[in-house]
Amino acid sequence: MKVKVRKFINYIRKPQHVILLVLLVCLAYLVVFPLFYIVKDTLIVHTSEVNRVHANAGTLTNYHWAKTFLASDTFATFWQPLLHSLICAVLSCVIAILVGGLFAWLIIRTDMHCKKLCSTLFMFLYIMPGWTLAIAWTNFFKNSLVGGTTGIFEAITRVSTPNWFAYGLFPIVLVTGLHYAPYAYILIGGILKNMDSNLEEAAQILNVSRAGIFVKITIPLVKPAILSTILLVFASGLSVFSTAQFLGLPVNFYTLATKMYSYLNGTNPGRGYVYAVVMMVLSLTILVLNQRMLGTRKSYTTVSGKSSNISLTKLRKGRKIISILVTAFVICVTILPFISFATESLTQVKGDYSLANFTLKYWIAEDAGIGFSGILRNPVFWKALKNTLLLAVCCSLGAGTVGALAGYGIARKWGSKLSTVVNGLTFLPYLIPSIALSAIYLSMFSTRHGIIPALYGTYGMLVLIGVVKYLPMASRSGLNSMFQISATLEESATVMGIPWWKRMCKILIPIQKTSIMSGYLLPFTSCTREMELFVLLYTPNSVLLTTLLFMYNQKGYEQFANAITLLIVILVISLNALINKITGASIDSGIGG
Amino acid sequence: MADNSIRLINVTKRFGKSVAVDHLNLEIPANSFISLLGPSGCGKTTTLRMIAGLETPTEGEIWIGDKLVFSAEKGIDVPPNNRGIGFLFQNYALWPHMTVYKNIAFGLENMKWKKADIDKKVNELCELLQLSTYLDRYPSELSGGQQQRVAIARTLATSPQILLMDEPLSNLDAKLRLEMRTELKRLHGTTNATFVYVTHDQMEAMALSTNVCLMNMAVMQQYAPPLKLYAEPVNMFVADFVGNPSMNFVEFDLKDQVVSRNGVRLGVTPVNGGKLLKKEGKVVLGVRPENVKVSAEGEISAKVISSFPYGMETTLVIECMGSDMRTVVFGSVDYRTGEEIRISLCHEKACLFDGETKELLSVVETKIL
Ligand SMILES: Nc1ncnc2c1ncn2[C@@H]1O[C@H](COP(=O)(O)OP(=O)(O)OP(=O)(O)O)[C@@H](O)[C@H]1O
Ligand SMILES: [Mg+2]
Numbered sequence: 001m002k003v004k005v006r007k008f009i010n011y012i013r014k015p016q017h018v019i020l021l022v023l024l025v026c027l028a029y030l031v032v033f034p035l036f037y038i039v040k041d042t043l044i045v046h047t048s049e050v051n052r053v054h055a056n057a058g059t060l061t062n063y064h065w066a067k068t069f070l071a072s073d074t075f076a077t078f079w080q081p082l083l084h085s086l087i088c089a090v091l092s093c094v095i096a097i098l099v100g101g102l103f104a105w106l107i108i109r110t111d112m113h114c115k116k117l118c119s120t121l122f123m124f125l126y127i128m129p130g131w132t133l134a135i136a137w138t139n140f141f142k143n144s145l146v147g148g149t150t151g152i153f154e155a156i157t158r159v160s161t162p163n164w165f166a167y168g169l170f171p172i173v174l175v176t177g178l179h180y181a182p183y184a185y186i187l188i189g190g191i192l193k194n195m196d197s198n199l200e201e202a203a204q205i206l207n208v209s210r211a212g213i214f215v216k217i218t219i220p221l222v223k224p225a226i227l228s229t230i231l232l233v234f235a236s237g238l239s240v241f242s243t244a245q246f247l248g249l250p251v252n253f254y255t256l257a258t259k260m261y262s263y264l265n266g267t268n269p270g271r272g273y274v275y276a277v278v279m280m281v282l283s284l285t286i287l288v289l290n291q292r293m294l295g296t297r298k299s300y301t302t303v304s305g306k307s308s309n310i311s312l313t314k315l316r317k318g319r320k321i322i323s324i325l326v327t328a329f330v331i332c333v334t335i336l337p338f339i340s341f342a343t344e345s346l347t348q349v350k351g352d353y354s355l356a357n358f359t360l361k362y363w364i365a366e367d368a369g370i371g372f373s374g375i376l377r378n379p380v381f382w383k384a385l386k387n388t389l390l391l392a393v394c395c396s397l398g399a400g401t402v403g404a405l406a407g408y409g410i411a412r413k414w415g416s417k418l419s420t421v422v423n424g425l426t427f428l429p430y431l432i433p434s435i436a437l438s439a440i441y442l443s444m445f446s447t448r449h450g451i452i453p454a455l456y457g458t459y460g461m462l463v464l465i466g467v468v469k470y471l472p473m474a475s476r477s478g479l480n481s482m483f484q485i486s487a488t489l490e491e492s493a494t495v496m497g498i499p500w501w502k503r504m505c506k507i508l509i510p511i512q513k514t515s516i517m518s519g520y521l522l523p524f525t526s527c528t529r530e531m532e533l534f535v536l537l538y539t540p541n542s543v544l545l546t547t548l549l550f551m552y553n554q555k556g557y558e559q560f561a562n563a564i565t566l567l568i569v570i571l572v573i574s575l576n577a578l579i580n581k582i583t584g585a586s587i588d589s590g591i592g593g
Numbered sequence: 001m002a003d004n005s006i007r008l009i010n011v012t013k014r015f016g017k018s019v020a021v022d023h024l025n026l027e028i029p030a031n032s033f034i035s036l037l038g039p040s041g042c043g044k045t046t047t048l049r050m051i052a053g054l055e056t057p058t059e060g061e062i063w064i065g066d067k068l069v070f071s072a073e074k075g076i077d078v079p080p081n082n083r084g085i086g087f088l089f090q091n092y093a094l095w096p097h098m099t100v101y102k103n104i105a106f107g108l109e110n111m112k113w114k115k116a117d118i119d120k121k122v123n124e125l126c127e128l129l130q131l132s133t134y135l136d137r138y139p140s141e142l143s144g145g146q147q148q149r150v151a152i153a154r155t156l157a158t159s160p161q162i163l164l165m166d167e168p169l170s171n172l173d174a175k176l177r178l179e180m181r182t183e184l185k186r187l188h189g190t191t192n193a194t195f196v197y198v199t200h201d202q203m204e205a206m207a208l209s210t211n212v213c214l215m216n217m218a219v220m221q222q223y224a225p226p227l228k229l230y231a232e233p234v235n236m237f238v239a240d241f242v243g244n245p246s247m248n249f250v251e252f253d254l255k256d257q258v259v260s261r262n263g264v265r266l267g268v269t270p271v272n273g274g275k276l277l278k279k280e281g282k283v284v285l286g287v288r289p290e291n292v293k294v295s296a297e298g299e300i301s302a303k304v305i306s307s308f309p310y311g312m313e314t315t316l317v318i319e320c321m322g323s324d325m326r327t328v329v330f331g332s333v334d335y336r337t338g339e340e341i342r343i344s345l346c347h348e349k350a351c352l353f354d355g356e357t358k359e360l361l362s363v364v365e366t367k368i369l
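In the order they appear, the protein sequences are chains A and B. Numbering-wise, this note's numbering puts 426 at position 426 of the first sequence, and it's gapless, one number per residue. Numbering-wise, this note's numbering puts 345 at position 345 of the second sequence, and it's gapless, one number per residue.
Here chain A stands alone, though its shape is the one from the complex (with noise of 0.2 Å):
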């Protein structure tokens, strides 16, 4: 007995090992229990539903299965959605992949003008939040057929844009798509710039021509960064919520994520929970699909030396014309939405270009004629700008810090059981679609649990599923930079009896200073721009800039909307540029080698 208490010691007396324990509760609590509440979710009658089902609150059914997957209109309400968002998630990788890729090739490995201002501008596609260029595209191209006011560009062409084009499927494809087509620009060009020139030259030698090498060796070895470009892209679009949301609904084209906001927000919000535990589960499936291929990833990663022997490519007569098409690609698709922005936001009468019709009311306004005043006016909108700023500080304190210690935790016992399992649970919320997470606490922190007090409605609750959801980004970052680190550089001040917040502070902190700062920072920015998390949880007291954005847009208040994307837009490029230069600049020469 005093033995094993001895053992327990010794065992606590590590932090690594207090570390991982206390992840495993929490974790297991926050990730895993969600998981099985959720279940449950699907299984009983919730208040709203009681006349529905005709059934106490509270009680056992199996009316939410049933009617999703039984009733004579589940061809509409499920298979037709679950159908758009497949279709989504593939005609998104394909775009995604096509335009980084070309991308890519003509950054890297040609001789195109301009290539550092379309490199910059084209990272703003991924900067930005996906439902801004969802907002620019019904700034320009809404029609007169649903409902309402037109846009810039029947405005200018007086030609009326089809509805097929305006709204539904293809600009939610199109504008997925080129939402992460930076991401497969910076994978598939991380590997055109490390791979050697000499191994197509080498193929050169031997006649083979320009179409067989680049089928026979160049797509090859970019394969891995396409598979993984893939995998985001195909995760990302089965969820994609906000963008189906402003381009899908106004022509009742609804994806899974929309139609399980509709159900949650409505009457059936058991149907609701029904949907976000399919969606897990697609997403789920995605994600063994992507540990299977990350098994073969490894031996190609291995092409890829450092030589970067590259030779252009020369455009030769199409050399002026690419690069003027591309860099004028490149300016419509991330100039061109803020010009919108700011236009939609000052004209008066909707769908009226004319100087005359110009106003700054929306903005400064006393009162802008809708009971509100303008938007810088607005107590509103400076307690939703507070509330972002204050919860974004939160949740990257909170994830950024939890996300270190987790790495270097998992680090420390790597390959132990207890570590892998914290490591997979860290990930776990990465693969739980954001709407359908917010779904999930939703139900779970509506009551209270033991000690667990209602969150629902709180501040608190934002931070908890933001550094929840966060904690992925800052935990593999944490892991990354523990990782480097030798664990010698740890030990040698072990021996010499060094405490382990004396080692953490003055050894392993300073010496990745700049990664475990992304840590911190990757959740800040992305909780500026976070609207899906917290869509289904504000309440009006604890009112975010998206959601705001996200009320005036179902509302029609499109001059506010717009006013809010620009700034939102603006306040997430200038902190990623702050963040650029912070990082960028503390690398100091002490370090290296």
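Calculated directly from the structure, the hints in this document are not laboratory data. Not one of these hints is a red herring.
When the alpha-carbon atoms are kept at most 27 Å apart in a straight line, the in silico BS3-like pairs for lysine-lysine are as follows:
no.	chain 1	residue 1	chain 2	residue 2
1	A	LYS7	B	LYS67
2	B	LYS228	B	LYS358
3	B	LYS102	A	LYS506
4	A	LYS502	B	LYS102
5	B	LYS120	A	LYS502
6	A	LYS413	B	LYS17
7	A	LYS7	B	LYS17
8	B	LYS17	A	LYS417
9	A	LYS4	B	LYS67
10	B	LYS115	A	LYS502
11	A	LYS502	B	LYS112
12	A	LYS502	B	LYS114
13	B	LYS74	A	LYS7
14	B	LYS74	A	LYS417
15	B	LYS74	A	LYS4
Quick caveat, the model's predicted, so the values are computed rather than measured.
Following the hints, complete the assembly by docking chain B with the ligands onto the known chain A.
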């Protein structure tokens, strides 16, 4: 002074199913310099880390002096900082964001030493290790040998009574290695600490240590002073691992203290009062190259396969009794490939191993019959 002997009793370390160290019993006397020697992956680092407390043994006990620092049975595990040890890591593990001075002083600052005392100690160590001119540099601005010396200074700063070193010289070039060997031996003399030294280089182990612990596949093979290891290896693995060029092994048939092969008959007489327990069967005769004497009067004929003249001596690979053998001829001589020579095995020390178990039967003296 505290007792700085180390005792490992039945220490086993398993990683999952694989065994890294298997029932190791090792007594390291106070103030000695012992080497852990063995091929890659045999468990040397693991043993060292267990002594330091950086790795938890699966079974067994570890004593430092008269203090039990680890016992699986009693659930005792004294943390590394309370074991009074210093650890020199294979990759130096210098803190890249601290200057040389700071690296050395950090441990002392932690012990709440006064600034002046720290200064004095650091300067003293830097003098000893010839580092005084580099105090303000960062580790990345030092050469491998200088980094090595900083690591040694840092480890010595806290005056540990036991110094554990994990292949500290493996990253250095040959010349620097020789210099550092001398340095280490001198340090051992001046510090009076117990040195445990891990290496896979048998020359280094032989040259430096009072005792060598030779390991293979997690099991200790032999624990003995270097020359005993050389002269009386307990099995063929040890015999083969120690010595360069390595020992010649020739299979013979044994019958009543006579071994024969290809018509050559040798009498084998146990030396040092030993006895041959095996009467007959397959045996392996192990002869050190320097005991295979090349001479015109030799009893056995041989043919030169290749010759490597090094100046001070020449190593020959010869064919003899239907088997390849190595021999060393001292002096500046060279031989032609294919040249017929004669060798002598009369009155030479050799090791007789059992053909099946590969264990040493006895050290013997050979005689041509
Ligand atoms: N953390 C670990 N997890 C699993 N196996 C390990 C671990 N550390 C060591 N081993 C295994 O234990 C065995 C002994 O390893 P050890 O590091 O002690 O070898 P070594 O003798 O120091 O070798 P080298 O000369 O290459 O440094 C090896 O087979 C190794 O694979
Ligand atoms: Mg080792």
